[in-house]
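K.L.:
Start from chain Z and add chains S, G, Y, R and U according to the hints.
Protein chains: 6
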Amino acid sequence: MTGKLKIFTGNANVPLAKEICRHAGVRLGKCRIVKFSNENIKVTIDESVRGKDVFVIQPSCSPVNEHLVELLILIDAIKHASAQRITAVTPYFPYVRSDKKDEPRISITARLVADLLQTAGAARVMTMNLHSPQIQGFFRVQVDHLLAGKLLCEHFKKEGTDNCVVVAPDSGSAKHAKYYAAVLGLPMAIMDKRRTDDSENPTVHSVIGNVQGKRAIIFDDEVASAGSLCEVTRALHNLGVREVQACCVHGVLSGSAIERIKNINLSRLVVTDTVYIPDHKKIPRLHIISVAELLAKAIIYTNQGKSISGLYDRY
Amino acid sequence: MTGKLKIFTGNANVPLAKEICRHAGVRLGKCRIVKFSNENIKVTIDESVRGKDVFVIQPSCSPVNEHLVELLILIDAIKHASAQRITAVTPYFPYVRSDKKDEPRISITARLVADLLQTAGAARVMTMNLHSPQIQGFFRVQVDHLLAGKLLCEHFKKEGTDNCVVVAPDSGSAKHAKYYAAVLGLPMAIMDKRRTDDSENPTVHSVIGNVQGKRAIIFDDEVASAGSLCEVTRALHNLGVREVQACCVHGVLSGSAIERIKNINLSRLVVTDTVYIPDHKKIPRLHIISVAELLAKAIIYTNQGKSISGLYDRY
Amino acid sequence: MTGKLKIFTGNANVPLAKEICRHAGVRLGKCRIVKFSNENIKVTIDESVRGKDVFVIQPSCSPVNEHLVELLILIDAIKHASAQRITAVTPYFPYVRSDKKDEPRISITARLVADLLQTAGAARVMTMNLHSPQIQGFFRVQVDHLLAGKLLCEHFKKEGTDNCVVVAPDSGSAKHAKYYAAVLGLPMAIMDKRRTDDSENPTVHSVIGNVQGKRAIIFDDEVASAGSLCEVTRALHNLGVREVQACCVHGVLSGSAIERIKNINLSRLVVTDTVYIPDHKKIPRLHIISVAELLAKAIIYTNQGKSISGLYDRY
Amino acid sequence: MTGKLKIFTGNANVPLAKEICRHAGVRLGKCRIVKFSNENIKVTIDESVRGKDVFVIQPSCSPVNEHLVELLILIDAIKHASAQRITAVTPYFPYVRSDKKDEPRISITARLVADLLQTAGAARVMTMNLHSPQIQGFFRVQVDHLLAGKLLCEHFKKEGTDNCVVVAPDSGSAKHAKYYAAVLGLPMAIMDKRRTDDSENPTVHSVIGNVQGKRAIIFDDEVASAGSLCEVTRALHNLGVREVQACCVHGVLSGSAIERIKNINLSRLVVTDTVYIPDHKKIPRLHIISVAELLAKAIIYTNQGKSISGLYDRY
Amino acid sequence: MTGKLKIFTGNANVPLAKEICRHAGVRLGKCRIVKFSNENIKVTIDESVRGKDVFVIQPSCSPVNEHLVELLILIDAIKHASAQRITAVTPYFPYVRSDKKDEPRISITARLVADLLQTAGAARVMTMNLHSPQIQGFFRVQVDHLLAGKLLCEHFKKEGTDNCVVVAPDSGSAKHAKYYAAVLGLPMAIMDKRRTDDSENPTVHSVIGNVQGKRAIIFDDEVASAGSLCEVTRALHNLGVREVQACCVHGVLSGSAIERIKNINLSRLVVTDTVYIPDHKKIPRLHIISVAELLAKAIIYTNQGKSISGLYDRY
Amino acid sequence: MTGKLKIFTGNANVPLAKEICRHAGVRLGKCRIVKFSNENIKVTIDESVRGKDVFVIQPSCSPVNEHLVELLILIDAIKHASAQRITAVTPYFPYVRSDKKDEPRISITARLVADLLQTAGAARVMTMNLHSPQIQGFFRVQVDHLLAGKLLCEHFKKEGTDNCVVVAPDSGSAKHAKYYAAVLGLPMAIMDKRRTDDSENPTVHSVIGNVQGKRAIIFDDEVASAGSLCEVTRALHNLGVREVQACCVHGVLSGSAIERIKNINLSRLVVTDTVYIPDHKKIPRLHIISVAELLAKAIIYTNQGKSISGLYDRY
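Residue numbers (my numbering), protein chains in the order written: chain Z, 3 to 317; chain S, 3 to 317; chain G, 3 to 317; chain Y, 3 to 317; chain R, 3 to 317; chain U, 3 to 317.
So that you can see chain Z by itself, here it is in the shape it has in the complex:
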């Protein structure tokens, strides 16, 4: 019923795309992406996609806006080459944190990106760990929202979680952290950051819940500049924890994130490979868990019209 499976990738995370193809047993589709001196991107699809069921892999990786435009052009080129169906596979969704209007006159850019993908020609979207699960409602087209929780819990179960406490870095992450606490059978605490009038120390970090003498594991959906992660780590040490680990699905690690992490007392940072991590960022205490096999299965099942709900945990 659905056409033959084809997988293409943009330049955002080629190693991930190759891993997905390896797990799926599918050759990566041939295309050329050229950037001219005037910075215009030209995409040429180098094999027929007529009537094919095409998946385009392009998570949001640096340079973010460049890769977003590249993705839109890729989809447009494939659409006009008469593909049967195009699925945008964006394991880390562009502008995923811009999901609400918490100030006047700003853009809910994640919604805008959803609309742009559909305008370009995406008939489906496959993504992972959206900052809030409500983002699924931003799409008119079908969206598969995979979750890495099961994979990450397997890691921590293997490593052992004696005397551990799950820490949500802020009240907005409480629900996310709750899942890990429940699956790992651990207690939970939530960081509470408040502005004070004291101009020297503008914010005070306290904790809701009991962390003293415990091994804290901070759970969050992403780590970008690591600024907030470092603040929380420091605060936890001040509150008497014995050790701090962190686990963030999307390892954005932008700016001087790696430098910051090197300079704090964080014993381990676990991330997935949804975002491309160049070799120079792969410091020893960074542990990367691949989602390639999960994505490969989800792609194959979708192509074959099989249910994917058994592949991952929901929360």
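In short, the hints are calculated from the structure, not lab data. Since the model is a prediction, treat every value here as computed from it, not as a measurement. Treat each hint with caution, since some may be false.
Pairs involving identical chains hold if they fit within one copy or between any two copies, as the list cannot separate such chains.
Derived pair list, reagent style BS3-like, types lysine-lysine, alpha-carbon separation capped at 30 Å [stated by the list, open to error]:
1) Lys32 x Lys152
2) Lys284 x Lys37
3) Lys177 x Lys152
4) Lys264 x Lys44
5) Lys6 x Lys308
6) Lys44 x Lys195
7) Lys20 x Lys177
P.N.:
Showing chains S, G, Y, R and U alone in chain Z's frame:
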């Protein structure tokens, strides 16, 4: 630039609509809504709305689905009567809790309702305290998301908050509760409910944070059957609090909610009038704060093309 | 080419759905429809529909608006579960009599419902005996408009039509009645109801055509409250007919219809099972003809891409 | 609120457009419509329409398809010249009789035309006496459906209706004729045409109702080839009427209609000027009633945002 | 994956459609196209197209607007008969020269036609030698833009091109002519037409490039009234060429084109059969090259989901 | 009728935006555009735009894709802040050269950008000198296509054009160059570049038309890397011209364009300021003509609903 202001209402919350009109200094628009013996609703707009800027007030109140269909027909009738612009004013948004896909093969019904309103002809939506702020991204049309927080905080400031603690009834409400804790300058605690293997007491309620000897105020966006509110209230008393109050923006109070509340040790329940509360539910310990003036101002400002962002706090 | 056939039903007319499945040799799809205490409907599809060709059976039955919303949510849930194609099967179409704007500032609600179904995700609609055939033009999507006329004529041919006259209850039904007169080879008469100035008898019923001494069969597309049917029956007896029967495709029988029918001299009322008729309404003189086999064939042919135009008569 | 009123016309019925402009006190907009040797139509709007409220008058007149394409191009040119709002004024709507699917695999072309007008850029449609009132439901945009009944009844009231009977030429026109019978206080009859097996006289015309010795007035929405009108006229004379008149809103008078009418015993044919009638068709027994003033008022009221529902009778 | 292939044709170019079917080995689909006395076109599709992959052949031929409306109705009828996919095959695209806004307040009618086709239900468009290749960007749906260049060059290569020069009849055709010059390995010249103030000879034709003593072949995308072709031919003779031939893809030959051509010194005019050429226009010096085989292959490949890019040259 | 004029700008060409505001007598709208460490752009509009008529200035300037995404977010933020109408002012349109599909399986990216702008919320587009005028047909929304030709011709008239010849750098630019030749009353020549089999000199540049001993002015719509401009300049000198000037509307000047220009014998390069030119690129022989006043007038006229067609020449 915009047409003359007209306000219509369906049958969902006529007292609120009348209060809004009183504050806005506008006469309620004339229309007849008849339900035939075959249960079909017929709406007749009894005054010209050509070129007018029409606001239709219809929060989600019992009977919920009946009122939803009534709203869609109202909007359709006004659209085909050549209104310039129609704003659906749904202070309590229909199916607002159905905002994510946390199980396979379910509907994100809040998104569906957003689409249905737009299909019927709504060019704008004005609503209050969505269960999650991301729901704003469900709309292609402009949406004004007002928040009752400022009004509710004023109430508690007046009443006094000595020795109080803000309680989030679960991890998903932590962010909502955080706003009140910050504005009222109070500490915060979060209830943690877990499934056990013990079939007698399938769930255990513990608390993250310190509540003992304090006066707890539970903050949530809505109270429906009050089942969860009663569980939390009981658990808080077991945890040694001195008093429990609750404050929920939308007083849905469905089923035997009022009976449940009468039977627990809850000293006060504060709600707004976004949802219609019939007289027999107005028990002494229920305190109702009206949002009519806020909505009236937002409607007038919108009609006049003035910014409404100063009318309320965001979080 | 089209996916495997799946049939689901809402709560509107479960016996009809079961009969259709029996004729089609297909198991009814598994889904749960729960109504919470806050009256929100939750639909969970309990089997994979990825790539399937799904038919959702839900005629407009009491409670009408409840079932309409249920249908929209069902379709939305199935769409986002990645069905290949969804056909809304609404043998009695919601708000089918609201098909024109014969007063200022009213809604053509049948058109609105058509739009809502499409917004929810219906790619096709299958329906029966629309109040006016023009309603087919309300749909952007494909619509199969089946007609029960052939089935109903077979019944009357078997029963015998000696000395019968076909009666249209008003001028708007003349075209509908004409079909039966032509197929059954019977003469025809049309009731003419006029307002007078006489406040005692505000309307006078006369007949255009010859009915005296004949056996009248009133043909109409639906019987709702039966008020008009009773008036016409009485008027026909006053005009000297020997016997009155009636045949209405959709047996809505709302309000006190059954009581009214019991109290008049109507020897038989023939309807189909497009609308659910609870047992307490099944009085002896009510004769129900099933359309389940016709619908089952139409569904199977549609799934197999075969023409359905031979299954029924058009007029 | 709405822009300044501008009226343009295509070539379909220039005299009507001029009369409308005279009544509206508005100068006809300047535009050139050229047809090249390759039959391509080129429209040039010769005055600024930026921000104007533009009405384009183009009923369906011979050559019908040529004028339809011309109308679409006119609207497109005006849209891209940045008009604020465009209303297509099609007093006789193109393909109005193609309003249902009474055979398999045909087009509901009136619906298609509605869609084409909207695609070209019409934001509103103003039309008169649609073949069936349900056609209003074909439009997503607002449609004003004016009716000529009041004007036509005024004519017959003035002429006198002693001993008259209103005749519907077939069962499908019964509802239309009913309006005139009610307003003029006349009895009504309906022609009943049936196919027989007799190949000499394939159809038999009988009448439902009493016409003998009376003066018949046939009412219909349009007269095209006049074939059916002539058959009915002859049949009525055979049935013993004293005189036959006819009144049809839209005087299409296509093919050899005028010749046919000259050759039958029809004392008068009343039509409106919605369709252009060239001088050579203006035979003495043809009486033309202008709808220009009604349309002019409707246009002005629409531009001024005033209700138009008082301008005409609905049925 | 795609349905069974079906080919239908309107009345525009039946011989071409038959040739395409012959090459494709497919029987022409059965349909009836009737034009009533009121000039309304009625299309009846006389075989089932449910789930089929339908191609509708209708280039823009005289009467142009009639055939355009016919095409739209054909597509609409096939769409509502539940075809899987409809491709409008318009080898000569309607209004193809109306592709830009070179005056204020005109319509880009080629874009309008693209939109109308999509509104009617075309899911794909197959066309040939658009006046400008940018027109492909007018379509939201997929478009296959075939080019006849390869076929035409084969003809000239066979005929021999000694001492020939390719002539572009104006600067706008320079790019088109360039392709032929390059493929045939010939020099090129461009006609330069300017307005003067001399009212006797308002325009002066000069040439850019060297033509004297050469055999000129004028290349253009279409020949309509042949007015410009004749002017250029005359000018070339004045400039000393030895012989003039012309090659235009689309042989529109409207108005008195054939008469004009007979009266000038043009040794040969080569066209394709995209436009229907009646026998009386087939003068000896007109040479017609059929594109039927190319179109047949493109249709078959499209149905089978195979790439068509190898079938023709791009430029 | 239209709201109060507001002008905003992104970061692409702030000096142009400021000049436009100066000419328009309007203060530049306040907004903040922040780029976070994760490269996500955040736009905050810092003044109310409710009901305003907003123009957003953002031509395609380096970094091109960054600025395109910024523009889309700007428009989205302004739309959801309830602006009445948003016009995207992109004097140099993004991806304007990607306007056709001259290879299989590529994107017509200019069309994609048009769609993206509309999806984001642009109701109008104002642009200048599109690479081909057909691009106007890519927009469903209204587009104002201004041309700089008049301004550029004024410059050359002032400078004097004795013994000059207009040169089109290739056959695709012939039509563009023709305009300048006509307005300046100059002869014209066209460069003809062909591939040879000679691997040393793969292409040969010849000229169609007479240039020897003349002063050549090359006209083109844009100069990007200047590679082709340099080749043509060199070829013209080889062909014996006395002097070469160039005039390109859009001075993209990407990569090492300025270096290339410094190294060839080009006496002057005239461009406009549609593209931002940093100071280090402003070499003496570069002459910049501002289009700010033209754009300012077009913006003001559009806001006031006045015709803009008199502001510039079309060709």
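K.L.:
State for each hint whether it applies.
P.N.:
Results of checking the hints against the structure:
Taking the closest pair of Cα atoms, Lys32 and Lys152 come within 30 Å of each other only across two copies (27 Å); inside a single copy the shortest separation is 33 Å, beyond that limit. In this assembly of identical chains, the alpha carbons of Lys284 and Lys37 lie at most 30 Å apart whether taken from the same copy (28 Å) or from different copies (25 Å). Taking CA atoms no more than 30 Å apart as the test, Lys177 paired with Lys152 passes in both settings, with 16 Å inside one copy and 25 Å between copies. In this homomeric assembly, Lys264 and Lys44 come within 30 Å of each other (Cα to Cα) only across copies, at 29 Å, whereas the closest approach inside a single copy is 39 Å.
Taking the closest pair of Cα atoms, Lys6 and Lys308 come within 30 Å of each other both inside a single copy (15 Å) and across two copies (12 Å). In this assembly of identical chains, Lys44 and Lys195 lie within 30 Å of each other by CA distance solely across copies; the values are 23 Å between and 47 Å within a copy. In the homo-oligomer, the alpha carbons of Lys20 and Lys177 never lie at most 30 Å apart, since the shortest distance is 33 Å inside one protomer and 39 Å across protomers.
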